[in-house]
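Asks: Could you fit the two chains together into a complex? Lean on the hints.
Residue numbers (the numbering used here), protein chains in the order written: chain A, -6 to 763; chain B, -7 to 278.
Because the hints were derived from the structure by calculation, they are not lab data. This one's a predicted model, so the numbers in the text were calculated from it and none came from an experiment. For each residue, glycine too, the CB sits at the ideal point set by N, CA and C. Worth double-checking, as some hints may not be accurate.
[What the hints assert, rightly or not] Derived pair list, reagent style DSS-like, types lysine-lysine, alpha-carbon separation capped at 30 Å:
hint : chain 1 : residue 1 : chain 2 : residue 2
1    : B       : K274      : A       : K268
2    : B       : K33       : B       : K259
3    : B       : K187      : A       : K315
[As the list claims (entries may be wrong)] Chain A side only, calculated, beta carbon under 10 Å to chain B, not exhaustive:
hint : residue
4    : P195
5    : C196
6    : S197
7    : K268
8    : M271
9    : S294
10   : R300
11   : R304
12   : N306
13   : R307
14   : A309
15   : K312
16   : E331
17   : E333
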Amino acid sequence: MTTESGADSEAKQPRENKETEKEKGKAKAAAAAAAAEPASPQNQPEQFPAAAGHSTPARKEQEQQEVDQVSHRSSISRLSRSPLKGVKKTKIMECKVALLDGSDFTLNLEKRARGHVLFDKICEHLNLLEKDYFGITCRDVENQKNWIDPGKELKKQIRTGPWNFAFNVKFYPPDPAQLTEDITRYYLCLQLRDDVVSGRLPCSFATHTVLGSYAVQSELGDYDPEELGSDYISELRFAPNQTKELEEKVMELHKTYKGMTPAEAEIHFLENAKKLSMYGVDLHHAKDSEGVEIMLGVCSSGLLIYRDRLRINRFAWPKILKISYKRNNFYIKIRPGEFEQFESTIGFKLPNHRAAKRLWKVCVEHHTFFRLVSPESQPKKFLSLGSKFRYSGRTQAQSRRASSMINRLAPLVERSSSKRYNMSLSLDGAPIAENHETPMKDSAAAGAAKILTKGDLITTVTTEKKAEEEKAEQEDAPTDAAETQEPTTPLRHDTKTDSEQTDFAFDGEMTATESDADDDSEMRTQDTSPPEEMLKHQTNISELKRSFLETGESSPGLTEWEKRLSSSPAHSPRGDEAPMIEPLELQDTKDEPPASEETKEEVEPKTTKSTLGWVPSSEKGPPEPEEKVVVATETEAAPAESTGPTGCDVVEVGTKEVPVVHTETKTITYESAEVETNGDVDPGVLLSAQTITSETTSTTTTTHITKTVKGGISETRIEKRIVITGDTDIDHDQALAQAIKEAKEQHPDMSVTKVVVHKETEITPEEGED
Amino acid sequence: MANMCPYGRFTHAVVRGVPETFGKAAGDDCEKGETSVDLAKAQRQFGCLTGALRQKVGLQLIEIPADPELPESWRIEDVAVIQGDTALITRPFKQQRRGEVEAVRKVVSELNLTVVEMGDSGGATLEGCDVLFTGREFFVGISSHTNHRGAEVLADTFKDFAVSTVPVCGGARLRNICSMGGPQTIIISNSEGAKKTLRMMEQLTDHHYEVLTVPEDLAANCIYIKGPSKLDFLLHRPAEECPESVSAFQKLQDYTLLPTACSEASKLGGSLSSLCLLVNRKLTYF
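Looking at chain B on its own, in the form it has when it is part of the complex (with noise of 0.2 Å):
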């Protein structure tokens, strides 16, 4: 059916510029303590990603301006799980994001995806940094962003695919420590709390996924489209970022890897999947 296509096929991203408030984070937000980021450099880098997604893979790209009252509003794949027709409009964590949320929601649904909405609903929270969708499950991190009633409520969303929760160590996010490598291959860091997870990942699932280990944990994550040209794209962490792991992208055969730098959003704990949200919106059905 529509919903079971391999992972990797997107037609559409949505992103969301950098605002010039890129850093300064609500005072509540001191884990990051003296982070100095470069905000032209962030742009760069954004700008860079998103011609890649636009030029290199073919993607029709959607921006959303950026807003200065939402500086976190960039990482916007933290606001929307989409899977399908459906787009599950979450409820982040921190007061201060769930306004990030409105812009999003227009755009989905002028995609004419099917709006779905987390809301209040038992105090869940969830934030799509923690979900990662394998075209034939989903696993949700519970972290200190994403609780147990927040995957219950994407569970109900998304129906056909089991829904598993896994641990996420040391305060990371689930998509900090893997992401999807290919239709049926899971990228994810070397380090022990990742480890942890993907133990538990391998006993819930039904599915046989293959592994890519990579040294460092910032290489784990990464964005993997099937574009419209049926080929195969990946979008890395450049080397000057992750020297160890560049060699452990050339073991995918055929791929065309695009090294994507994203040094800046990452100081901030973002990556290169927190800047955008991917969509198809040409289901196939069989």
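So that you can see chain A by itself, here it is in the shape it has in the complex (with noise of 0.2 Å):
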């Protein structure tokens, strides 16, 4: 391949170009070997410098030729066609994506690519399946982070100057235990690493040692003064002001975890981080209503408030009833307290309008992955006074779900050795940094291969084939996974109404307003959930209402701090009276079961989507029976059956085992009208089918279930297929009804497609004469 090609080569190009062109086909075939083999990192410092030249924006198309020739060369990047052919109305652009090894994963793009496109690609790169807790930033003219939005394309995102990206944690799982893989573990670690060197996540000298020691075991190894040299750990960084003291103490803890694995050590990293106060927190620098500076940290719980590296407040989602903008404005609206009647509204300043977005769009994305179960649905479009924006990816609740589905052996993650001795600065660039990036790099991708992957055929796996691995599962377990086939729709309802999405997001001075819809029962009413859902949400808010203002007592004189509490709602209702042991009840566990509540809410709405569905006997939705009021199993006569949509077939065959030559045949076929109008619908993709036969003495039940995906939504189509054979001692209509009722006791969404009489009778020599 072309990747030896290093920065010295710079004068054969024109020769190596024709070789490359010789190499087409070859190169082509082994870019699919490269993505098993994602990256091979060795290459890419030496492509970079020579592909970096080329990184400008704006590229013509002429320059096609040199665009093969950069692609072809950064052959790492495993583009999804191939740059040599189907380029000709597309624009290429390069995306060189900082990672969190510190490493640069350059590749091309299509310039109209959307966010998800990268975003996949990196992790395809990384071979990563907990995608959800990350994200790509980007920064923007005032050197500020923005999270790419994976549903709108990237080139809207940008703007301006070279497509440069880094990849990032955007939510800092609480338990990072709790995740499935080690390598989404070491990805975090890394992340987490970077925010400790950077000064973002404070810590404290001891921690600093403990997180530097498990770092350097997790990077290293045991450890062994032959192999590793006396000075091995000042090539490693663990805090922002790094002393000679502290690197004592990582390597005297170093020496005490010799065993250890790299995936222990950082677990216990991981339970270290997490239990820093700032950990996960993205600060926001904003201004309180008297203009002081305040900072706003977005975090998994809510909204924290602080002056001074002081906490003075805190907002736990459950708390807060609605996140708006306006302008420079941020506002948050707060459920009522306990010894208050109405909302509050809190208003902050941000230092501009694109900060005060910046801010609302974390909070609503924290809001959704932390607290719902499921993404809240697109706002119809007569309703969207604001900004459409919703987070549109898996929500942790679905994530843990899926990956809890994720089912391939560990890959082996070869963690690099890079030093990343600059890290922070490349991380956290302030345009100052960018001087000391270029050498670092260099250094860093010096250092080794990245990740291998084991699994080759892993690596291929999208998101929808994921998806229905779980729906595999689903199979077995039923009750389980409600939305676990989630994943998919978000993606597409988002791909549908981008570009208004972009429009109003855009839109400079628009109020964007976001409503919680778990909160928001007005908001709520827009919704598409049935009105059922609707009273029992309502309830459950007025019930917590009503539980907050029980203890209605009013505090005398409003001093700063009852300002505070005043603001900030939601005590729990006690009589303090009895001394004893009380829990405190704490918002977070009190408004857990509307949060349970939640989850019927989220499937339900899908569920009767999923009804509407336009393949017959589908179950689209999460084939969640128990969910479901049972409906009408007392309608089982066959006849009435036989006029509905769709479903099972029920063959009833009576038969004579006569040992005759001469019998008559007659077949009679209810058959529902609606099978065929389906007809034109993409038929999707197919993605297994399975079969399963039960007989017992009479019946003779084939289950056929078959998986497609089509348009992003993947489908679980079961069909079965009773048939009832017997003579006619059976009471055949009396067998049939049991068959249907049997049926829709295990999937209440099936409809009868059809039923077919079959009736094989014995012609006597009388009959045969007539």
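Replies: This is the structure we're talking about:
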């Protein structure tokens, strides 16, 4: 491959290019292989400087030749389409992504590619399946980090400058031990190491030593003075201001970890890091209503307000009814507190409109990811007063379920032994850091291979496929995994409505209001959820409100403290009189019941939708019969069923086992007309098919399960074919009704498509003569 | 990490004897007015407390000799905040108390703690009796003696932890109205002011605590220690001093309750916890 072309081979380019022309086919074939062995990183640094020279944002089509060269040379970037072939009309952009280990990943994408394309490619490169915790950032003109929206085109999110990105942790899991794969924890560790070194995650000296020592163990393995040398430790960064003393302490601890595997070291690292008070807190500068400089911290549990490192307030997600922004103001509407009747709105001033919007988005996303069971649906068009922005990825709940289904051998994670000496500079790069960047990267990349994939097959697993795998599991445990098939859905939504979304999102002065669907019943009404759900939901809210108001006793004299409190409601209603241990009933716990209600709410509408499905007998929604009211199991009369729509073939065969040659065959078919009406719909891609047969004395049930994916929605279709066989002694009608009833109980969604009564009658001589 | 053990593991206690000038605080302390204190009784009570810490709980006791020049030096809690391997030497509000820190600084450095000085940075004042450390976070009561700047220095010193500021009402100090009663238990008084403080704490915390409410203010200050023997000890005010609250402590299961009198120190606004600094020198990593 062309990867050997180093920076020094610049002169040989033309010739090389010819060679590569010849090797086209070979290279293409190799690209597939490259997918399995992502981005043979040894080559990366050499290519990078050369490739960087070409990374002008506005590339002309005439430059195609050049593009080809570039993309070819950096063939580590596995293009979905061959750079040499299908580029006639599409502009190719070179994307440079700073990875968490300090290396760069360069790849070429169509200019019109959406964020998720890039994201998926990076995750594939990193062999990362639990990707929902991660995201791509990009610095804007003010050098502020912005998250790339996966549903929107990259070019609309970049505006100016080269296509430089960074791969980062977006949602810090509160309990990293719950992540399924070690490889995910590895990347989380890398992020946290950078957070620590850059000072974003402050910690004490003692913590620096502990975290540092686990980082060393994870990266270098056991302490071994012969192999590592005596000064190995100072090549690594542990703290913003690293001292010799710290290094010595780290080494001291490192010595005690003999035999600890990298994965174990990372677990220890994370167990310690997660307890830090600033773990996963995304800070934003702001001013309060009185103009005092504060910081707003967004985290998994809510919004934190700091004044000079001191926490002065905290609003847990359940207390926040609404988040909005207008110009450079950011507002939160707070649920009424114990002593209040009305909600209050608190406003903060952000440096500018973009900052306000950025904060708002981060809040929306964190709230959705950590609090909701599944993302909210897109608001309908006619409602679109504000931004249509929604978090469209998977929520933590969905992600956890999905990753619990991950079924692969733990991929081999080769911890990069790159010297992350300057890593913080490169990742957190202030513009000045740019200078440090290039040399550092060389050395970093000179380091080594990053991730080796063991299971080649697995690398090619796509989201949809994953969803499919989950579904396969679902068959076994239908009650589980209500929204495992979800992941594909939101993506699709997103793509569909993208352009409008973009318009609104970029509509500068538009009041963008986001309301929490789970909290704001008004908004909720506009949702697609069925009325019963609505009612249930409102009950919850009013219950909550009532319980908050129950201990209504007004406090005298508002002090500054009380202002904090009054704007911060939801105190546990309880009689403090009895001296006994009382659970504090923090708000989080209190709101749990509604949270679990959410589960149902989220599930139900989807199932409802699914019944609208175009395919007969399909279970588009989660196959969760338990969740539903079992509908009309009593409609068992065969004729009635036969007119019903689709689903279950009941073939009734009456035979007389008589060794007589003459038989008369009579077949009556009742078939639903609806079966064919949907014929024009895209049949989708068949992913799997499975047939299960079970037999009893008189009935044979054949269950045929097929799974297809179309347009991002995966669908499981279960066809049951029940054949009742027996002579006339059996009451066929009864048996048929019974069979249908049983099938219905299993799959309430099921509908009967066809009833065939097949009668074979022995022809007696007399009859024959008739 | 070392810093993240559940609250209550201590190996050492640092105390400072009751001087004969006990109760004869300098003239500006008129708020207490004509309080008649019994020096001998105070010293006896001090002896009982240290005895309990050493013999019952099993801590190593370090006693700094009393200094008659420093009449309030027995309130050793005020002059240092110790967490993990770090000791923050505070800057007490009253000028005449600032001399108290010297002896304490010496002792904590001998204990191999990392000593951090609050110093005079921006007029910071902070006293230990306005600080509640729960094992997972700090609450700093902004009071007549502790200011925002002081809390900031504390936050800078103990970077691992959230440091939240809370109000204390009616001239009280944070530790007068609450204390830790277990790794996840806060003992708090039932007064209106305390309730207000508790509400703020509830709002600010990320963690879950159980609350043990006691009817008397005085009873809310206890000392909880999980001693070297892994038993739960609670030093609390005896029935004579807090008759209504003793039953509340009975509710703490499997605790060894150690009623410890503190009536004399109490007259001067001190309490059990005022009399000692607790240190853990057996930091365990995990």
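Asks: Give me the numbers of the hints this structure contradicts, sorted from smallest to largest.
Replies: Result: hint 17 breaks, nothing else.
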